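Visitor: What follows is the residue order along each chain.
Number of protein chains: 2
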Amino acid sequence: MEFSEWYSDILEKAGIYDLRYPIKGCGVYLPYGFKIRRYSFEILRKLLDETGHDETLFPMLIPENLLAKEGEHIKGFEDEVFWVTHGGKTPLEVKLALRPTSETTMYYMMKQWIKVHTDLPLKLYQVVNTFRYETKHTRPLIRLREIMSFKEAHTAHATKKECDAQIEEALTLYKAFFDEIGVPYVISKRPEWDKFPGADYTMAFDTIYPDGKTMQIGTVHNLGQNFAKTFELEFETPDGEKDFVYQTCYGISDRAIASLISVHGDEKGLVIPVDVAPIQIVLIPLLFKGKEEIVMDKIKELNKTLKSEFRVHLDDRDIRPGRKYNDWELKGVPLRIELGPRDIENGHALIVRRDTGEKITVEYSNILEEVEKIVSMYKDNLKIKAEEKIKSFITAVDFESDVNALSEKVKAELLENKGIILIPFDESIYNEKFEELIDASVLGLTTYEGKEYISVARTY
Amino acid sequence: MEFSEWYSDILEKAGIYDLRYPIKGCGVYLPYGFKIRRYSFEILRKLLDETGHDETLFPMLIPENLLAKEGEHIKGFEDEVFWVTHGGKTPLEVKLALRPTSETTMYYMMKQWIKVHTDLPLKLYQVVNTFRYETKHTRPLIRLREIMSFKEAHTAHATKKECDAQIEEALTLYKAFFDEIGVPYVISKRPEWDKFPGADYTMAFDTIYPDGKTMQIGTVHNLGQNFAKTFELEFETPDGEKDFVYQTCYGISDRAIASLISVHGDEKGLVIPVDVAPIQIVLIPLLFKGKEEIVMDKIKELNKTLKSEFRVHLDDRDIRPGRKYNDWELKGVPLRIELGPRDIENGHALIVRRDTGEKITVEYSNILEEVEKIVSMYKDNLKIKAEEKIKSFITAVDFESDVNALSEKVKAELLENKGIILIPFDESIYNEKFEELIDASVLGLTTYEGKEYISVARTY
Chain A
7 MEFSEWYSDI LEKAGIYDLR YPIKGCGVYL PYGFKIRRYS FEILRKLLDE TGHDETLFPM
67 LIPENLLAKE GEHIKGFEDE VFWVTHGGKT PLEVKLALRP TSETTMYYMM KQWIKVHTDL
127 PLKLYQVVNT FRYETKHTRP LIRLREIMSF KEAHTAHATK KECDAQIEEA LTLYKAFFDE
187 IGVPYVISKR PEWDKFPGAD YTMAFDTIYP DGKTMQIGTV HNLGQNFAKT FELEFETPDG
247 EKDFVYQTCY GISDRAIASL ISVHGDEKGL VIPVDVAPIQ IVLIPLLFKG KEEIVMDKIK
307 ELNKTLKSEF RVHLDDRDIR PGRKYNDWEL KGVPLRIELG PRDIENGHAL IVRRDTGEKI
367 TVEYSNILEE VEKIVSMYKD NLKIKAEEKI KSFITAVDFE SDVNALSEKV KAELLENKGI
427 ILIPFDESIY NEKFEELIDA SVLGLTTYEG KEYISVARTY
Chain B
7 MEFSEWYSDI LEKAGIYDLR YPIKGCGVYL PYGFKIRRYS FEILRKLLDE TGHDETLFPM
67 LIPENLLAKE GEHIKGFEDE VFWVTHGGKT PLEVKLALRP TSETTMYYMM KQWIKVHTDL
127 PLKLYQVVNT FRYETKHTRP LIRLREIMSF KEAHTAHATK KECDAQIEEA LTLYKAFFDE
187 IGVPYVISKR PEWDKFPGAD YTMAFDTIYP DGKTMQIGTV HNLGQNFAKT FELEFETPDG
247 EKDFVYQTCY GISDRAIASL ISVHGDEKGL VIPVDVAPIQ IVLIPLLFKG KEEIVMDKIK
307 ELNKTLKSEF RVHLDDRDIR PGRKYNDWEL KGVPLRIELG PRDIENGHAL IVRRDTGEKI
367 TVEYSNILEE VEKIVSMYKD NLKIKAEEKI KSFITAVDFE SDVNALSEKV KAELLENKGI
427 ILIPFDESIY NEKFEELIDA SVLGLTTYEG KEYISVARTY
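Sequences listed follow chains A and B, in order.
Here the first sequence is numbered in the numbering used here, starting from 7 and rising by one per residue.
Here the second sequence is numbered in the numbering used here, starting from 7 and rising by one per residue.
Simulated from the structure, these hints should not be mistaken for lab results.
The reader is advised that the hints may include incorrect statements.
Straight-line distance between alpha carbons at most 20 Å, and here's what the computed EDC-like set of lysine to aspartate or glutamate pairs gives [to be verified]:
1) B:K95 - A:E86
2) B:K313 - A:D55
3) A:K306 - A:E376
4) B:K95 - A:E78
Being a predicted model, the structure only gives us computed values, none of them experimental.
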């Protein structure tokens with residue numbers, strides 16, 4: 007099955023996201039999908055909290071004059087902003103934008119809070135909905151008009167050095183996040199023509215989808231003093247001088263969820279990383295006439311034992327076990343444990359891994375430890391498989407000084423191997439014109455296995 | 007200090023909410039305030055999850071034709087809805103409302119999901135921002151144009167009986183929530199003229215603020231089959247017949263946070279209930295020359311011990327202890343522990359309660375247990391004090407058949423005692439005209455100490 011068809015299909019069948027809402031690019035996180043979102047963003051919150059970021063909540067509406075304050079920034083968004091013009095039947099005096107992102111909102115408020123160097127650093131974040139009037143083809147959780155979950159962090163610092171260090175912290179933090187939710191990535195410094203409007207430079211995380219196209223899943227921006235000058239974010243330095251703050255911002259959205267679904271799934275359905283799985287283990291009793299009670303008693307005992315450490319579901323529906331297997335494989339539950347009268351007689355239980363399909367007979371008496379071991383192998387395997395998959399999609403080519411020959415070679419590789427093509431850095435091709443020649447995007451500058459490349463790809 | 011002045015003042019000084027945003031009724035949850043919100047809504051989520059509610063996330067925008075579908079419902083909101091009319095520079099074909107609440111959004115989707123009785127009950131909730139174009143005076147966290155945190159639950163059932171039982175479950179759940187966050191309440195069945203637009207009837211939780219005015223802090227609506235008929239929420243019953251579902255919805259907002267701040271605070275600042283306190287215990291070292299290291303070592307050890315069970319903050323700023331006391335009293339931290347060289351010599355520590363100001367010397371060796379005991383007393387005391395306060399604001403009067411004499415009496419009591427006045431139920435005065443006579447609101451029918459009353463009050 008073609009990837010994009012598989013993707014739409016699985017969102018519906020596994021109960022992740024329903025797109026049958028009557029506004030293009032707006033849909034519903036269903037209970038199972040929402041739980042994956044909740045566990046994923048809990049991991050992200052924990053990483054942010056531990057590194058001294060404070061969670062906050064800023065207004066969703068932005069007055070037109072405030073949004074327009076940073077000229078370059080608004081130019082990046084003006085065709086994509088939804089405008090509120092009326093309250094009830096009354097026309098508003100000032101049009102209000104639905105936030106496309108919150109730089110202008112937050113920096114207006116930071117002006118009230120930052121007076122002196124001891125007010126710094128300021129490290130804030132929020133998880134909110136944001137809006138883009140997308141005219142392109144929308145895709146559930148990937149390109150939405152209402153981005154339902156946008157974690158945006160915004161920091162302000164007294165020195166350029168601290169600001170640059172914050173970029174490193176953000177990159178480290180995002181690496182840890184994507185590692186934990188099992189999404190492999192390539193990091194690039196975006197080219198000038200594709201950086202965030204108003205930033206000095208943009209670092210971006212891309213992953214590669216099964217169809218070989220790259221997906222931007224996280225961005226980290228060094229804003230320098232650009233916004234600070236516009237929003238007059240001046241402070242008193244330890245020497246009693248005045249200076250503008252240095253700023254960074256970085257964001258992660260629903261695409262994190264879309265990606266953990268996309269990179270691990272297979273023809274049977276989802277394969278969910280353990281830490282974000284709504285159900286980590288499903289228990290299935292094998293009932294035979296006259297033995298129902300023995301099995302149910304034992305499996306309830308097992309449920310209780312495993313619940314101390316895992317999110318467990320006991321499937322006691324009155325349907326055939328085979329149908330249950332299919333249901334839970336579709337939903338990507340990491341481990342299934344089957345228990346029947348024969349197993350009980352032998353003091354065994356059968357564990358089936360969703361990632362490999364492997365069946366493992368374990369001693370019942372020792373089951374918690376056995377499950378822990380298998381869970382740990384499952385985690386490692388998902389990580390390794392995802393890394394292998396992304397590596398198989400990365401191709402390095404040699405540089406050629408004839409730009410036409412080079413672009414033909416790149417085009418051929420893009421057709422053959424898809425994914426990311428790495429070209430040894432050369433200034434002569436680092437421009438938008440090269441994008442036209444290869445009919446693909448320049449992701450930017452990428453350090454890969456110790457070497458510096460220009461990375462290009464077909465992107466989502 | 008007058009209450010409303012105290013309230014605005016404390017929001018700013020304690021770092022709860024900043025209203026200096028350039029849109030009326032829109033402000034910022036600051037880090038300390040956001041933590042109170044986070045802990046409060048975590049308690050609410052837990053209660054909902056435990057009773058089989060599934061968390062979801064629905065779109066924020068509602069097409070005009072969808073919102074207008076339920077005539078009575080839209081009439082209740084049409085003057086208060088913000089309208090999006092443009093995407094970029096393009097006028098939209100259909101105007102989009104910012105959700106004032108999500109009945110129409112959710113029930114449109116429920117139509118896709120409900121086919122047969124086994125699809126029921128459906129118990130969903132979400133925590134989202136909602137919008138009202140308030141023309142009245144706005145108040146931070148109380149009357150906002152962007153309600154930043156609205157927990158709305160929506161359920162659908164196969165029978166009237168199950169639906170009625172769901173109302174009971176919702177009431178029980180909300181009682182548990184307000185008990186846990188320490189906000190006392192009176193429950194009333196709202197009069198016909200003040201029920202939720204489109205509902206059969208509305209049950210409401212009101213608390214009483216220090217100025218004697220009541221604040222609606224939670225509502226539970228029995229929608230019967232009204233919305234179901236509009237949204238064609240038909241299903242197949244076990245007998246193979248067709249029927250419409252029965253529905254309920256219930257909501258709690260930022261007012262829960264406003265209320266827990268308002269009912270417990272005093273002239274020194276906040277008094278925060280333990281379970282939602284961002285910092286539950288603050289540690290303050292008393293440093294004397296030459297003894298700094300002994301004290302700091304010991305207090306770090308104490309920090310580690312207490313962190314196993316509580317949210318602790320060690321205040322090691324280089325300022326006088328007295329200033330620290332004031333700061334943390336303002337922020338409402340439940341317990342302060344002071345530790346100096348003399349205490350260490352004696353094997354003691356001094357615990358100071360925020361609620362009573364009481365100072366308690368405890369054995370250092372036994373400190374975790376001692377703290378647990380004091381925390382438990384603190385909780386009980388807050389609950390008792392809040393209950394007493396609300397009781398002192400409730401006055402029952404005798405019925406008088408002369409409506410003018412009765413209304414004069416009620417007006418006098420409202421002036422004298424403020425709060426809620428309870429009048430023995432009599433149909434003749436249960437109407438909007440009586441509201442005019444007493445120049446106050448009828449909250450509804452209230453059962454108080456086993457008797458049925460009409461309750462009236464000046465409301466926020």
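Visitor: Honestly, which of those hints from before does the structure not fit?
Guide: As far as the earlier hints go, not one is violated by this structure.
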